[in-house]
Amino acid sequence: FIRTHVGTNKNGGAIFVNFVENTLPFLIKDCFFIDTKSTNGSSIFIKPNIDSSTSEVRIEGCNFKNTLSSIEGHSIYISKTDKNKVTISSCQMIDCGTNTNSYSIYLDVRDLDFTYNKIMFSNPEKSCGCVDLKTIGQHIFNGNYFKNARFDGSIWKSPGINGDVTDSLTSLLINNNTFD
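According to this note's numbering, the sequence shown is numbered sequentially starting from 95.
Think of the hints as simulated: they come from the structure by calculation, not from any bench.
Built from N, CA and C at the ideal position, the CB exists for glycine as well.
Fair warning: there could be bad hints in the mix.
[Unchecked claim] Straight-line Cα separation of at most 20 Å, EDC-like style, residue types lysine to aspartate or glutamate; simulated pairs:
hint, residue 1, residue 2
1, 174, 207
2, 159, 274
3, 159, 124
4, 179, 202
5, 179, 150
6, 251, 202
7, 159, 129
8, 104, 124
9, 241, 176
10, 228, 207
11, 174, 150
12, 251, 274
13, 177, 150
14, 159, 219
15, 220, 246
16, 104, 202
17, 123, 150
18, 141, 154
19, 179, 154
20, 228, 274
21, 220, 274
22, 141, 207
23, 177, 207
24, 228, 176
25, 228, 246
26, 228, 202
27, 141, 202
28, 241, 219
29, 174, 258
30, 228, 258
[What the hints assert, rightly or not] Ranges between beta-carbon positions, derived for each pair:
hint, residue 1, residue 2, range
31, 118, 251, 30 to 40 Å
32, 150, 210, 10 to 20 Å
33, 99, 249, 26 to 36 Å
34, 102, 267, 31 to 41 Å
35, 267, 103, 35 to 45 Å
36, 110, 192, 20 to 30 Å
37, 110, 207, 15 to 25 Å
38, 264, 128, 28 to 38 Å
39, 176, 274, 32 to 42 Å
40, 248, 219, 30 to 40 Å
Let the sequences and hints guide you as you build the complete structure.
Below, the structure written as structure tokens:
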């Protein structure tokens, strides 16, 4: 997906998924997203349409470069997946976001496996935060690399992994990650 842009107030510059079936697995694998743009989720925007959805969502081996949203999720935006297992693994995000009051990845998910990803910015002056978590149920961050991230919006937020959570935390494991 190269230079895919959607209009104002539109989500998912390259892929927009609104689940209608409750058990349909969804896999995005070995894709390239370059210079994609939208309001939220400039490359990938995923939101289940029904509360009972138990679909597995997997994003594996994808590369994102110079992706930009006007609000949140400069590369990936996944919203309201209370019963869905979400796996994001072996992906690389390079220079995805320039607004220092936003994040490259926006996740409102309860069950997350985030492993062996790289989120890097070549210029810390033109970067944003890496991962913004709105819900934490059972989350694993393992073997990831975060470089030159920046968040200027609040002293209460982290530019690496930000857990801005209002409900109860079940489990959060951060293991063998590098913050450079």
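Is the Cα-Cα distance between residue 174 and residue 207 20 Å or less? holds, 16 Å
In this structure, is the beta-carbon distance linking residue 102 and residue 267 contained in 31 to 41 Å? Check passed, 39 Å falls within 31 to 41 Å.
I want to verify a distance hint. Is the separation of the beta carbons of residue 110 and residue 207 within 15 to 25 Å? Since the Cβ atoms of residue 110 and residue 207 sit about 23 Å apart, the hinted range of 15 to 25 Å holds.
CA of residue 241 to CA of residue 219, is that 20 Å or under? holds, 12 Å
CA of residue 251 to CA of residue 274, is that 20 Å or under? holds, 17 Å
Taken at face value, is the distance from the CA of residue 274 to the CA of residue 228 at most 20 Å? Violated: residue 228 and residue 274 sit about 24 Å apart, past 20 Å.
Verify the proposed pairing of residue 104 with residue 202, using a straight-line Cα cut of 20 Å. Between residue 104 and residue 202 the Cα gap is close to 19 Å, so the pair holds against 20 Å.
Would you say the C-beta atoms of residue 264 and residue 128 sit inside 28 to 38 Å of each other? The hint (28 to 38 Å, Cβ to Cβ) holds, given that residue 264 and residue 128 are roughly 36 Å apart.
Hint consistency between residue 141 and residue 207 [alpha-carbon to alpha-carbon, up to 20 Å]: OK: residue 141 and residue 207 at ~17 Å, within 20 Å.
Agreement of residue 228 and residue 207 with the hint, judged by alpha carbon distance not exceeding 20 Å: Holds, at about 15 Å.
Holds or violated: residue 177 with residue 207, Cα cutoff 20 Å? At roughly 14 Å apart (the allowed maximum being 20 Å), residue 207 and residue 177 satisfy the hint.
Please work out if residue 174 and residue 258 have their alpha carbons no farther apart than 20 Å. Distance of about 15 Å is within 20 Å: holds.
The structure fails hints 8, 9, 20, 40 (numbered hints given earlier, in ascending order).
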